[in-house]
Amino acid sequence: MLARRIIPCLDVRAGKVVKGVRFRDHEIVGDIVPLAEFYSQMGADELVFYDITASSDGRSVDRSWIERVARVIDIPFCVAGGISTLDLAAEVLEMGADKISINSPALNDPSLIGDLNKRFGQQCVVVGIDSYQDESSGEYQVYQFTGDVERTRLTAWKTFDWIREVQQLGAGEIVLNCMNQDGVRQGYDTTQLTQARLSCDIPLIASGGAGTMEHFKEVFEKSDVDGALAASVFHKRVLDIQELKKYLSESGVEVRK
Amino acid sequence: MSVIIDTGCANLTSLKFAVERLTNDVVISSDPETISSADRVFLPGVGSAQYAMGVLEERDLIDVIQNLTQPVLGICLGMQMLTSRSSEGDIACLDLVPGEVKGLQSQGLRLPHMGWNTLAECTDHPLLHGINEEMYFYFVHTYGVGVSDTSIAQCEYGSRFSAAIAYKNFLGVQFHPERSSAAGSQLLKNFLEIKI
Chain R
1 MLARRIIPCL
11 DVRAGKVVKG
21 VRFRDHEIVG
31 DIVPLAEFYS
41 QMGADELVFY
51 DITASSDGRS
61 VDRSWIERVA
71 RVIDIPFCVA
81 GGISTLDLAA
91 EVLEMGADKI
101 SINSPALNDP
111 SLIGDLNKRF
121 GQQCVVVGID
131 SYQDESSGEY
141 QVYQFTGDVE
151 RTRLTAWKTF
161 DWIREVQQLG
171 AGEIVLNCMN
181 QDGVRQGYDT
191 TQLTQARLSC
201 DIPLIASGGA
211 GTMEHFKEVF
221 EKSDVDGALA
231 ASVFHKRVLD
241 IQELKKYLSE
251 SGVEVRK
Chain U
1001 MSVIIDTGCA
1011 NLTSLKFAVE
1021 RLTNDVVISS
1031 DPETISSADR
1041 VFLPGVGSAQ
1051 YAMGVLEERD
1061 LIDVIQNLTQ
1071 PVLGICLGMQ
1081 MLTSRSSEGD
1091 IACLDLVPGE
1101 VKGLQSQGLR
1111 LPHMGWNTLA
1121 ECTDHPLLHG
1131 INEEMYFYFV
1141 HTYGVGVSDT
1151 SIAQCEYGSR
1161 FSAAIAYKNF
1171 LGVQFHPERS
1181 SAAGSQLLKN
1191 FLEIKI
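Here the protein sequences come in this chain order: R and U. Residue numbers for the first sequence follow our numbering, so the first one is 1 and each next one is one higher. Residue numbers for the second sequence follow our numbering, so the first one is 1001 and each next one is one higher.
Bound-form chain R, shown alone:
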């Protein structure tokens, strides 16, 4: 049976792994390669690296670490951050990444999704979506350039419309980051994710809000997501991946042992 995936997310800035709360106030967590190796050995099913400053600076990722990561880990990993052209994507994949995730570049030029699909295959193309619920209207809306609080802006897209659009264009997987929950460890936004699931026929990864083992169980059971991504609970050693998987397995959630 296909296992639900546990995915530590490593936000990268200037060659270090950092973590902010609600996308701001970044603190350094550690070096990229040892952390990648650590999570891989602990039983992570996949890793995601986000160069959080890339799109909002108008520059791209420093990619020298990708090859160093690919050398040491033996699980799939995805790289995100300023991958705005086919050539940049090719470079990242050639250095050993398994997937590339695009967020702001897809919003700037949606045809990039189809172009990446044609050149590298659907399985490589992950679309990251930063979604924020407007507290007065209750509407879920897509934001762009969330790596930099000064430049973060609302787009014209409603979240579920964008989810449908990127699938039409050829995305292979969606990471839905629920910004209201990011970094505060109060649980995944299962209301939003459950609704997103109904619009999403490709793998859907939950992001934002994990704080306890129960939160993972809840998002798999309620929202039927394929994977759950988290950062601070792993970086701060609040949760141990092996213990988390044991708990999920005993709770009846299929995970890789």
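Accuracy of the hints is not assured; some may be wrong.
What the hints assert, rightly or not - Examples of chain R residues toward chain U, derived with CB under 7 Å:
1) Ala70
2) Ile75
3) Gln123
4) Leu169
Claimed, not checked - Pulled from the structure, derived: some chain R residues nowhere near chain U, Cβ distances all over 12 Å:
5) Val29
6) Ser40
7) Leu93
8) Gly121
9) Glu218
10) His235
Quick caveat, the hints were computed from the structure, so don't treat them as lab data. Note that the structure is predicted; figures quoted are calculated from it, not measured. A virtual CB, placed ideally from N, CA and C, is assigned to each residue, including glycine.
Please build the complex by placing chain U on the supplied structure of chain R, with the hints as guidance.
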């Protein structure tokens, strides 16, 4: 020496690194002589069958691969290309292992089949030494090879398909051993040690 055939696709590096964790004696090449003289040959592939077969043709590698007598391991699309035909683009493949590639019959389960899954009907073929049905492997695909006499392990995702095949010196795995943690490394080690 082991050779990873340069099929022009993206996952060559991760395969090379995975093999390098087991032996230093591995190169990536599209040179017919280097490939023919290798002890072990890897045929990796991701993307579409049509594109990958086009690359093999362009690089004059179809005959070269068809005449190999040493152990050959096709990985993912590389395994699919060992069969006679793919319905992905309806194209002829290398025709080295009986069978055809068809879209997965996932019975409503989401596609692509992406993530960690277990094996079924795992045989005692030397490629699967030390591997059992409790272990998880990393799969990413939408097409697959049906179950037949050449299947040495199966996988279930809505319906059964071949997770691993073997016919003469041609072996193939649908999953990515280079991205399947310790279980995948065991499979690569088995391949490097296999006698055919």
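Structure-based check of each hint:
no.: 1; hint: Ala70; in the structure: holds, 5 Å
no.: 2; hint: Ile75; in the structure: holds, 6 Å
no.: 3; hint: Gln123; in the structure: holds, 4 Å
no.: 4; hint: Leu169; in the structure: violated, 16 Å
no.: 5; hint: Val29; in the structure: holds, 23 Å
no.: 6; hint: Ser40; in the structure: violated, 8 Å
no.: 7; hint: Leu93; in the structure: violated, 4 Å
no.: 8; hint: Gly121; in the structure: violated, 4 Å
no.: 9; hint: Glu218; in the structure: holds, 20 Å
no.: 10; hint: His235; in the structure: holds, 21 Å
In this structure, the hints that do not hold are numbers 4, 6, 7 and 8, in rising order.
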